[in-house]
Amino acid sequence: MSKIGVFVCHCGENISATVDCAKVAEAASKYDGVTFSVDYKYMCSDPGQSIIKNAITEKGLTGVVVASCSPRMHEPTFRKACAEAGLNPYMCEMANLREHCSWVHEKGEATTEKAIDLVRILVEKVKYNQSLDAIKVPVTKKALVIGGGIAGIQASLDIANAGHKVILIEKDPSIGGHMSQLSETFPTLDCSQCILTPRMVEVAQHPNITLYTYAELESLDGFIGNFKAKIRKKSKSIDEKLCTGCGLCTTKCPAKKIPSEFNEGLGNRTAIYVPFPQAVPNKPVIDRIHCTYYTKGKCRICEKVCPTQAIRFDQEDQIVEAEIGAIVLATGFTVKQTDFFPEYGYGKYPDIITGLQFERLASASGPTLGEIRRPSDGKIPEKIVFVACAGSRDQAKGIPYCSKICCMYIAKHAMLYQHKVHGGKSYVFYMDIRAGGKMYEEFVRRAIEDDGVNYIRGRISRIYEKNGKLIVNGADTLLGAMPVEIEADMVVLATAGVANDGAEELAQKLHVSYDSYHFFAEAHPKLKPVETNTAGIFLAGACQAPRDIPESVSMASGAAAKVAGLFSQDELTREPLIAVVNRQAAPVYSSCVGCFLCVSACPYQAIEKEEIKNRAGELIKSVAKVNPGLCQGCGTCVAFCRTKSIDIQGYTHEQMYSEVVALLNEY
Amino acid sequence: MADFEPKIVAFVCNWCTYAGADLTGTSRIKYASNVRIVRFPCTGRIDYMLLLKAFAEGADGIIVSGCHPNDCHYTSGNFHARRRWIMFRSLCDFMGIDTRRIKFSWVSAAEGAKWADIVNTTVASIRELGPYDDYRKVANKPVEEVSHG
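Residue numbers (the working numbering), protein chains in the order written: chain S, 1 to 667; chain R, 1001 to 1149.
Note that these hints are calculated values from the structure, not bench results. Remember, predicted model here, so these are calculated numbers, not experimental data. Where is the CB? At the ideal position from N, CA and C, for every residue including glycine. A couple of the hints might just be wrong.
Derived list of chain S stretches under chain R, where covered just means 3 residues or more per stretch with a C-beta under 8 Å from a C-beta of chain R [unchecked claim]: (1) 282-289; (2) 506-518; (3) 630-637; (4) 651-661.
Just so you have them, the derived chain R footprint on chain S, three or more residues with Cβ under 8 Å [unchecked claim]: (5) 93-101; (6) 104-111.
Turn these sequences into a full structure, and let the hints steer you where they fit.
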């Protein structure tokens, strides 16, 4: 027989102003199985919790219903109080009298009646609650960081410096990411590569970091603390142990006209290549799509010139398996290309470029060695136009959000242009200038006031070519939408920052949620910005939303701190509110008939097949079995099960049906 | 029917609609007191037999609400719930349950005002449909009275 205690909270006046709490407590005292019922001003206070604890010990309560605020607020508080008094914490339920009743209804009988109903529902539920123990799982203290941009580099270094092993994988031949492509960084005009490359080298040399470049995640199984990752190391066609990185092969390769990804198509590279001079590792890979040997069957010049015989044309992709405890996702972002914009010529004008291409032009390691020259004829542009919000904040383009970094990098670009091209004229067309950040607004003012960049508030309707000039049509909305026409030599579009092409696929591999723009979703927009909804997987940098460098670095350090915190424990405890498949005595064993419909329902692949065998080892039946480490407790399988053999602890069939019956019988 | 107070049961998920209804409270938005919320971990957990049970026990209307598509805390539970609802509608039609008595909706944790709105519109529409006792009449009929015809 249950002995249930009901504790009705006034919450000061938050509940008692509209609900007659004494009446609720009195009504509850009459229910079957309720042996103690009381109302009190603040149940969550120390004296309030003492009332609960004393009642548990003195009355020998087997279940507790606290009728107060939302369980999302104080469920842990009251569960802990129960546990301290020796009652299993999962024998405690909360009726939400505040958020769902007293705050949303006027004072009156109907409101008190609703409060009484809400208590009765939980009294009936708690009768079917079971004592549960928190689940303990071991932790593998090794992290996987996906993406070797600044966020991934920072996260790897922080975790490694905390004393844990890290595997860093990067899909490109070198780590460095977008930051390695940048010329100088706002708001200090630091040289991007100068501050980045020491970090890249540190990653490569760190004893705790294993670096796999030209590698991608093949698959991921497991759960927090116990992931199993398969990593595909794409064939570099090079024996990395033999290669000294002398670079002779890259100078002799005959396939020289391949647009360089690092230079955003503004320069060329060879088929065997190192993406940029400071690459880490500084060893070449063969791009099999463009290599003459792989496409036409002959050449092998690199093999002939290699002084260490390091070329391996027959090398195959390698799959590395690793056991890891936590993952940091730092896959970054990409920018829309100029062909996305019909009004700006669909990318057919070579002198309309993206912001990232401008970075390459302005960079000392770029195709023009840092001189601003137009891609079409190499002339120095005398008039240049920068277009902000190219794609961003544009519902019609499907990118309603602000890409965040553009306002700042446009100011930087215009400034760099003014510094490099004396007497040049630069124009920035903007919607708003969003320069929130330390020294950011001052930086924009500097561009406008000290460097004489012309800021025009308005959008560009069309750009077309006429007599070798780009005619930019716009409007100045601060002058009553006065039409503006500029004959420019070059146009830079601050194209929208968007999620990587493979982001959706990767999110599905990792069971991480993503938003409608395919950016990975954080667990809570304010309080859990680096966690994902999948325990043990964290986010860093622009894979979550457009981010600048300081933000990416802070996020990466935040994610690394989360990983280090996770690795500070040898065992993890998890809520036991998970699904279980029933087991019975022989000869039935389980009411599960082995249809495995639940397997297809489970979003976490937490349900496995278990074979029940007799002593002779003969198969009696196959039934479903839930892996308690993987199950997140959504209960989708429960609703799927045809034989009601699978149930979810904390929300069992008995509990839910008794709630519904109790609810309506005295309603 | 003006004085009829419908009994409405809401089956909601813990992560979006329950939290959304919490926000309605925190924002002190008032709504009709006819609804009683039953908390589930996810709309994917909601066995639609529970809806039939609720009708059998005397509910006049039901609200099922969870996270918006793509926002499910568990990735895909709400899609299962939606798919099941499409199937369940046909079953309701077959059984003679007016599907207007069931409100299927998405309310996120940030949509406190939407929750109040959904409750109020559901109460108004159920009030118009009147009390629901057809199902109970059938369900409570003793076996011998059923014609074998």
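Hint check results:
Closer than 8 Å: that is the beta-carbon criterion, and the segment 282-289 of chain S has 0 residues meeting it against chain R, so the requirement of 3 is violated. For the segment 506-518 of chain S, the stated coverage by chain R is satisfied: 5 residues place a CB nearer than 8 Å to a CB of that chain, which reaches the threshold of 3. Residues of the segment 630-637 of chain S lying with their CB closer than 8 Å to a CB of chain R number 5, which satisfies the three-residue condition for coverage. Given as covered by chain R, the segment 651-661 of chain S passes the check, having 7 residues with a CB less than 8 Å from a CB of that chain where 3 are the minimum.
Residues of the segment 93-101 of chain S lying with their CB closer than 8 Å to a CB of chain R number 5, which satisfies the three-residue condition for coverage. Counting residues of the segment 104-111 of chain S whose CB lies closer than 8 Å to any CB of chain R gives 5, which reaches the minimum of 3, so the coverage claim holds.
Checked against the numbered hints given earlier, this structure breaks only hint 1.
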